[in-house]
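Asker: Below are the chains, spelled out letter by letter.
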Amino acid sequence: MTPQSNIMVVAPIIASREAELRQLLTSMNREPGLADPTNTLVPFGQFASLHFARFVILADETRKDLLVYGKALPSATNSLAFLCDFDGSADHLRRELVVHAEAGLRQIFSCCQTFRPDSDLLRWMEEHEQPAATTYNNWLGRTARQVREEDELRAALDHQLRTNVARDANSRQVWNQLRAFVAAEQAAGRLTLTSPAPTPLSWKVKDLLHCIGVPLLLLLVSPLLLLYLPIFLIQLRTREVRDPVIAPRPAADHARLLAIQEDRVITNQFSAYGNIKPGLLRRWTLVFLFFVLEYTTRHIYNRGFLARVNTIHFARWVFLDNRTRIYFASNYDGSLETYMGDFINKVGWGLNLVFSNGLGYPRTNWLVMDGAKDEQTFKDFLRRHQIPTDVWYDAAPGVTAYDMERNSRIRSGIQQQTITDAELSEWIKLL
Amino acid sequence: MALTNADYRDLQGLLRYGYGRLTESCFLLLRIDDSVAAGHWLETAPVTTAEEQNPPPIRALQVALTYEGLRKLGISDDVLKGFSAEFISGMSGDENRSRRLGDEGASAPKDWQWGGPGSVPDMVAIIYAQRGLLAEWKITIEDGLTQCGFKLLRCLPATNMGGVEPFGFVDGVSQPRLDWEGQRNVSGDKLSYENVSMLGEFVLGYPNEYGKYTGRPTILAQEPGDLPMADDLPGYKDIGRNGTYLVIRQIEQDVRGFWRFIDEQVKQDASKRQDLAEKMVGRQMSGDPLLPTTAQSITGVGPETRDLQQNQFTFDGDANGIRCPFGAHVRRANPRNADYPAGTHGLVARLVRLLGFGRKAMREDMLASTRFHRLLRRGREYGTKLSPDQRFQPAPPDEQPSGLQFVCLNANIGRQFEFVQSAWLMNGKFDGLSEESDPLLGNREVVAGCPLDGFSLPVVDGVRQQIRDIPCFTTVRGGAYFFLPGVRALRFLARAARV
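Protein sequence lines correspond, in order, to chains P and F.
To convert, count from 1 in the first sequence and add 10; that's our numbering.
To convert, count from 1 in the second sequence and add 60; that's our numbering.
No wet-lab data here; the hints were simulated from the structure.
Remember, it's a predicted structure, so these values are computed and weren't measured experimentally.
Just so it is clear, CB atoms sit at the ideal spot from N, CA and C, and this is done for glycine as well.
It is possible that part of the hints are untrue.
Computed Cβ-Cβ distance ranges for the label pairs, DEER-style [claimed, not checked]:
1) F:Ile-382 - P:Pro-206: 32 to 38 Å
2) F:Ala-421 - P:His-309: 21 to 27 Å
3) F:Gly-178 - P:Val-78: 41 to 47 Å
4) F:Thr-353 - P:Ala-166: 40 to 46 Å
5) F:Glu-424 - P:Leu-229: 30 to 36 Å
6) P:Arg-116 - F:Gly-317: 25 to 31 Å
7) F:Val-408 - P:Glu-112: 38 to 44 Å
Just need the whole structure built from these sequences, with the hints factored in.
Answerer: Here's what the structure looks like:
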C-alpha cells in the first residue's frame, strides 16, 4: 500500500513581477484555470505519482475586514503557493520535479522575493514549504497509477461487454468471460493491473504511533480540558454574540472570475483564503480542532467519505502568516452550488466548527449550531473568501471519487478466484 | 401565519393557479421604447391576482420584467442590486452560466430566436383565456401596450394539447404544494419525502426551507412608496415581497426523432415502444408513476384520488433502478428523497449517519435533499400536436415545430431552477451514473472526454442494458429570467419610471 502525501511551497511575490508571474501561469493552461498536462513550464503529465497540483496567487482581498476589530491592516504582499497531492514520499516528488521541471520552476519562482538565480531549487522549495494543519485524502493507498489502470480496465470491460459478450449470458458466464478477457489482455500487454507495493515500514510505525498516541494524549489531558471547558464556553459565547458577520454579496466581477474556471470538467478546484478572528482563543481553538480533525481524516475518514460527503478527492487546511490566516484547498466533484449545498445540509456542524473561527463568518451559537444554516449568508461568505486557482491540474479528469471506488470494486471482482452468487449479483451491477 | 385575502390580492395569480381552465394562452415578449408611457400602462395594468374569484376568471394577465426592463424603467441602482445575481446577469448573459445550464451546441444562446445576447426582452405579458376568447383579449392587451410605448418583439404561441406534452406524455402531473397557511415547521430534519414547500421557496418575502428569507430588494420605510413591510428587516419596505422569479425557456421537441429512435431500439416491435419511452421519461404515458403507490401517505399528496394515484410514490422501493431507471427524466428532476437516506429513523440512526457511517450500499446518499430544489411549473405546450400515427410519418413541409414553453417559478434561481438543470438533469455523473445525461433534455455534448449520449436500464440479475448514441431530442430556442412582482411592487416600479 502506497500512502499519499502533499507539499505546499509558499513564497512572497516581488510586487513588480506579479503581472509577469500571472502571465507565466496563464500560459500553462489550456482552458481558463485548467492546466495543460504537457505545458513546457511544469509538465504535470510526466509525474506518474501526481494526483492534483495547483499554483495559486494568495491575495487577501478581504484584509480590510480586520479593521472592524480595530486591528492594524496587514501588508498587502501577495504570495505564490504551489501545491501537490501525490503518492509516496515528498523527497521523491521534489527530486522528480527538479528532474522534469527545473527550468520552468526556476522561471516561476524567480518572481518570488527570496529566490536567487543561484538558489538550489530543491533546498529552496524545502525551506519554503508550509505543512498543512489537516489534510484529507479520499482513499488511503489509492495511487494515481491505480486510478488510471482501473479506469482503463473499466473502459475495456465496457467495450468487451458491448461487442463480444452475448446479451443472454448469465452473470456467472459474464464474469468468467470477462476474467478470461482480462487475463488475455494482460498477457498481451494491453492492460496492466499493478499489484500494490508493500507499505513502507517507517510509515506504518508513524501511523500506528499517531493512531494510538493521539487518543492517549487526549485522554491524559482530558481532565485539564474538562476543567477548562466551562471557561472556554463562556469565553466563546461572549465572543460569538459580538463577532461581526461580514458577508456582503460578492461583486459581479469577482463572481465571474471564479465562474470562468468552474464546471469545465466534472471535478472542480476550490481555494479559499481568509483571516482568522483575532485573539488567542480562536487561534488555539483552531489548532486543537485541526489536531482532532487530522486524526479523523487519517484513521477514520479514509475510505471514500468525510462524514456524509463522498465527493472530495483531496483537501487541506494550512495556517499561514504566523497562524493569522488560513488557506483551504479542495478538489471535489460536481458544481460549487452542489458542494456548498451538500456541506450546509450534510455537514453544517463540521463547517461551523472549523470555519466559524474565520473572520466574518455567519453567526454561530455554541460553535456548531446555526452558522452555515443561514444558507445565503454562508454562500456569500464562502464566495467572498474564494480566490481563483491560477493553474489547476487533475491527473484523472472525468473520473469522480465515486467512479474510482466503483472501478476498484470492479477490479476486485475480476481478480477474485471465486465469487459467491451474492457477491456476483452486487458486482454485476457495477458494470 | 396564514395569508389573508389582502395578501392574495397582492400576489400575481400564477403563483397560486396554473389557469388550466384557461386553455388558450400566449406570451407577449416586449421591448420598452418609452419608459414614461410604459410606467403609465404598468400602473393600471389589469394583472390577475391570486385572490380566489367566484366564478373563476375567464381571462388572465400576468406581467414580469427582466433586469434590462427594470433598468429601462429607471429603477435606481440601489434597488436593482437587491435582485439576485442570476437575474441581473440574465439566462444568456454569461457563457459560464450557459455552460452549466447545458445551453451549448445547437442550444447555444447565440442561435436563440429570442433571449440571446442582444435580444433579451424587457417584459413579458402572459395572457390566458377560455377557449375562443384569446384572440379578442390579445388585441385588447396588445393595443394597450403599443399605445403605451411598448414594442411587441415576439408572441410565443401556445397550443392546447389537453394536458399532454408533444412526445405524448401527460404532463403537469406533479407540483409542490405551497404552505399558504404558514404551518410548516422546518427547524428540524425531514426524514421522509413531503410534497409541501415553505412559501418562501416560491414567494419572496417569506421564510424558505432553511427558515430564512431569500435576499430581495428592500428600501427604507421612510422612502415613498406603497409597499408591504419586510417581515425580517424592521424599518424596511419589501419590494420583492409577494413577487418571485419567473423562468421561461422555449424548448423545441423533435417528436418524430424521439419515436424514430425508440422504434429503432425496439427493432420496430410496436408493443415494446411505449415501455422503453416510459422508462426514459420515468412515468407512464398516462401520467401514472412507474412505481406502485406507497402504503404510507405522503404529506402534500392527495386527498384527490387522481393525485394519490399519480404522486403517492417515492423511489425508496426501487433502490436498483429496475422499475424506474436512475437516469430517467422524472427521477432526475425530482428524486423524491429526504434529508437522510431512506430508512434512517431515530436519533441514534441519524447520529450514525451524521458522522458518516451506517452506509448499506455503495450508491447511497448521493443526492441532495429535494425539498431545497423544487420548482413550480407553469409551462404550456406549443406547435402542432401529433397523433400517435403521425409521429411515425414524415413531417409535411410546412409543419410548425412543436415543443414546450417551459415556465417555472422559484424564489432562488441558483438553488432551484439552475441547480435542477445543472446538477441533476445535465450532470453526466448524476447519482453514480456515467456517460449519460437527461434522456429528453440532454444536449449530448462531450464533457471531459466522456460522451453523454447514453442511457442505462438496470436489470434484475445481470449487466444493465445500455443504450448508446442517443440523438438530441430537444433544442432550446429562447429563454430569459423575469421578475414577477407583487401587485403593489409592480405599481411602485411603474411609478419609478415617471420620476
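Asker: For each hint, tell me whether it holds in the structure or not.
Answerer: Here is how each hint holds up against the structure:
The hinted range of 32 to 38 Å is satisfied by Ile-382 of chain F and Pro-206 of chain P, whose Cβ atoms lie roughly 35 Å apart. Taking the beta carbon of each, Ala-421 of chain F and His-309 of chain P are about 24 Å apart, inside 21 to 27 Å as hinted. For Gly-178 of chain F and Val-78 of chain P, the hinted distance range of 41 to 47 Å is satisfied, since their beta carbons lie about 43 Å from each other. Separated by about 43 Å at the C-beta atoms, Thr-353 of chain F and Ala-166 of chain P satisfy the suggested range of 40 to 46 Å.
The supplied range of 30 to 36 Å is met by Glu-424 of chain F and Leu-229 of chain P, whose beta-carbon atoms lie about 34 Å from each other. For Arg-116 of chain P and Gly-317 of chain F, the Cβ-Cβ distance of about 57 Å falls outside the hinted range of 25 to 31 Å, so the restraint is violated. Remark: the range hint 38 to 44 Å for Val-408 of chain F to Glu-112 of chain P is contradicted by a beta-carbon distance near 56 Å.
Hint compliance for this structure: hints 6, 7 are not met, and every other hint is.
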